[in-house]
Amino acid sequence: KQEVTQIPAALSVPEGENLVLNCSFTDSAIYNLQWFRQDPGKGLTSLLLIQSSQREQTSGRLNASLDKSSGRSTLYIAASQPGDSATYLCAVIYGGATNKLIFGTGTLLAVQP
Amino acid sequence: GAVVSQHPSWVICKSGTSVKIECRSLDFQATTMFWYRQFPKQSLMLMATSNEGSKATYEQGVEKDKFLINHASLTLSTLTVTSAHPEDSSFYICSARDPLAGGPRTQYFGPGTRLTVL
Numbered sequence: 001k002q003e004v005t006q007i008p009a010a011l012s013v014p015e016g017e018n019l020v021l022n023c024s025f026t027d028s029a030i031y032n033l034q035w036f037r038q039d040p041g042k043g044l045t046s047l048l049l050i051q052s053s054q055r056e057q058t059s060g061r062l063n064a065s066l067d068k069s070s071g072r073s074t075l076y077i078a079a080s081q082p083g084d085s086a087t088y089l090c091a092v093i094y095g096g097a098t099n100k101l102i103f104g105t106g107t108l109l110a111v112q113p
Numbered sequence: 001g002a003v004v005s006q007h008p009s010w011v012i013c014k015s016g017t018s019v020k021i022e023c024r025s026l027d028f029q030a031t032t033m034f035w036y037r038q039f040p041k042q043s044l045m046l047m048a049t050s051n052e053g054s055k056a057t058y059e060q061g062v063e064k065d066k067f068l069i070n071h072a073s074l075t076l077s078t079l080t081v082t083s084a085h086p087e088d089s090s091f092y093i094c095s096a097r098d099p100l101a102g103g104p105r106t107q108y109f110g111p112g113t114r115l116t117v118l
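Chains A and B are the protein sequences, given in the same order.
Take the first sequence: its position 99, counting from 1, is numbered 99 in my numbering, and each next residue is one higher.
Take the second sequence: its position 21, counting from 1, is numbered 21 in my numbering, and each next residue is one higher.
Be aware that one or more of the hints could be misleading.
[Stated by the list, open to error] In silico lysine-lysine, DSS-like type, Cα no more than 30 Å apart, as pairs:
no.: 1; chain 1: B; residue 1: 66; chain 2: A; residue 2: 100
no.: 2; chain 1: A; residue 1: 42; chain 2: B; residue 2: 20
no.: 3; chain 1: B; residue 1: 14; chain 2: A; residue 2: 68
no.: 4; chain 1: B; residue 1: 66; chain 2: A; residue 2: 68
no.: 5; chain 1: B; residue 1: 55; chain 2: A; residue 2: 42
no.: 6; chain 1: B; residue 1: 14; chain 2: A; residue 2: 1
no.: 7; chain 1: A; residue 1: 100; chain 2: B; residue 2: 64
no.: 8; chain 1: B; residue 1: 14; chain 2: B; residue 2: 66
no.: 9; chain 1: B; residue 1: 55; chain 2: A; residue 2: 68
no.: 10; chain 1: B; residue 1: 64; chain 2: A; residue 2: 68
no.: 11; chain 1: B; residue 1: 55; chain 2: A; residue 2: 100
no.: 12; chain 1: A; residue 1: 68; chain 2: B; residue 2: 41
no.: 13; chain 1: B; residue 1: 55; chain 2: B; residue 2: 14
no.: 14; chain 1: B; residue 1: 55; chain 2: A; residue 2: 1
no.: 15; chain 1: A; residue 1: 1; chain 2: B; residue 2: 41
no.: 16; chain 1: A; residue 1: 42; chain 2: B; residue 2: 14
no.: 17; chain 1: B; residue 1: 55; chain 2: B; residue 2: 20
no.: 18; chain 1: B; residue 1: 64; chain 2: A; residue 2: 42
no.: 19; chain 1: A; residue 1: 1; chain 2: A; residue 2: 42
no.: 20; chain 1: B; residue 1: 20; chain 2: A; residue 2: 68
no.: 21; chain 1: B; residue 1: 64; chain 2: B; residue 2: 41
[Stated by the list, open to error] From the derived model, a few chain A residues whose C-beta atoms are all more than 12 Å from chain B:
no.: 22; residue: 15
no.: 23; residue: 27
no.: 24; residue: 28
no.: 25; residue: 70
no.: 26; residue: 76
no.: 27; residue: 110
Simulated from the structure, these hints should not be mistaken for laboratory data.
Even for Gly, the Cβ is constructed at its ideal location relative to N, Cα and C.
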């Protein structure tokens, strides 16, 4: 069964800290992996997309890495800000005809001012 | 970038009634749309894949007669929750795939619809 797990489930850090969110997936034959942000009661905002052939992607203070062989991805947030507080979801798409996104369990991040 | 809208953004209904949720791709044609459900403090679970002009493909455990999906055009898919019950209360999110941009499997998400069944 293809599953995606995120740890920790919740994280609270003081403003300014660098932090890492983890995502693991059971089946390494992914097509790509995406990191999303979800604010309470809102839809999803795509943050970074990593193709299976890539090792990492960067956007501003965010850096996502991908290690297919170990079934892991990390999202690194530098110099965290209170506005970064949200739930972060990773999701994978597998190859083949399907376009199904399989979402992780999410990490609820709180950045304390 | 590609924009996907949903209507309504929230709805409250009585138990036993039916509710229709619309998902629109505003600036692109979406041959495929997806419907997700998210219970409080849980992740998104795919309910069904909707292809324009054909029947939707439902995930295991999702009742197709209860959650009717119609993808009548390249910019509109609808999800109708029939005979809604309190356990159907959830956050419903759609996404659409733009085949011409963002890679073959990139999905753009709508803002979600909060359904509360009394």
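For each hint, the structure was consulted:
Note on residue 66/B and residue 100/A: the hinted pairing holds, with a Cα-Cα distance of about 21 Å set against a maximum of 30 Å. For the proposed pair residue 42/A and residue 20/B, the alpha carbon gap of about 19 Å is at most 30 Å, so the pair holds. Restraint check for residue 14/B and residue 68/A: the C-alpha separation of about 47 Å exceeds 30 Å, so the hint is violated. For the suggested pair residue 66/B and residue 68/A, the alpha carbons sit about 38 Å apart, so the restraint of at most 30 Å is broken.
A distance of roughly 28 Å separates the Cα atoms of residue 55/B and residue 42/A; the hinted pair therefore holds under the 30 Å criterion. This hinted pair does not check out: residue 14/B and residue 1/A have alpha carbons roughly 37 Å apart, beyond 30 Å. A threshold of 30 Å between alpha carbons decides the hint, and for residue 100/A with residue 64/B the separation of about 18 Å falls inside it, so the pair holds. Only pairs whose Cα atoms come within 30 Å are accepted, and residue 14/B paired with residue 66/B is accepted, the gap being roughly 16 Å.
The suggested pairing of residue 55/B with residue 68/A is violated, with an alpha-carbon distance near 34 Å, which exceeds 30 Å. For a cut-off of 30 Å, the pair hint linking residue 64/B to residue 68/A is broken: about 35 Å separates their Cα positions. Restraint check for residue 55/B and residue 100/A: the C-alpha separation of about 16 Å stays at or below 30 Å, so the hint holds. Restraint check: the Cα-Cα separation between residue 68/A and residue 41/B comes to about 28 Å, which is no more than 30 Å; the hinted pair holds.
A threshold of 30 Å between alpha carbons decides the hint, and for residue 55/B with residue 14/B the separation of about 28 Å falls inside it, so the pair holds. Proposed proximity of residue 55/B and residue 1/A is supported: the alpha carbons are some 25 Å apart, at most 30 Å. Under the criterion of a C-alpha separation no larger than 30 Å, the hint pairing residue 1/A with residue 41/B is consistent with the structure, at around 22 Å. Restraint check: the Cα-Cα separation between residue 42/A and residue 14/B comes to about 23 Å, which is no more than 30 Å; the hinted pair holds.
Pair hint residue 55/B plus residue 20/B holds up; C-alpha atoms about 17 Å apart against a cutoff of 30 Å. Straight-line distance between C-alpha atoms of residue 64/B and residue 42/A comes to about 26 Å, which keeps the hinted pair within the 30 Å bound. The straight-line distance between the Cα atoms of residue 1/A and residue 42/A is roughly 29 Å, inside the 30 Å bound, and the hint therefore holds. With a CA separation close to 40 Å, the supplied pair residue 20/B and residue 68/A exceeds the 30 Å bound.
A C-alpha spacing of about 25 Å is found between residue 64/B and residue 41/B, which places the hinted pair at or below 30 Å, so the restraint holds. Even its closest Cβ contact with chain B, about 24 Å, leaves residue 15/A beyond 12 Å, as expected for a residue assigned away from the interface. With a least CB separation of 16 Å from chain B, residue 27/A remains clear of the 12 Å interface cut-off, as annotated. With a least beta-carbon separation of about 17 Å from chain B, residue 28/A lies farther than 12 Å from that chain, consistent with its non-interface assignment.
Listed as outside the interface, residue 70/A is consistent with that label: its C-beta sits roughly 22 Å from the nearest C-beta of chain B, beyond the 12 Å cut-off. With a least CB separation of 21 Å from chain B, residue 76/A remains clear of the 12 Å interface cut-off, as annotated. No beta-carbon of chain B is positioned within 12 Å of the beta-carbon of residue 110/A; the least distance is around 14 Å.
Taken one by one, the earlier hints fail for this structure at numbers 3, 4, 6, 9, 10 and 20, listed in ascending order.
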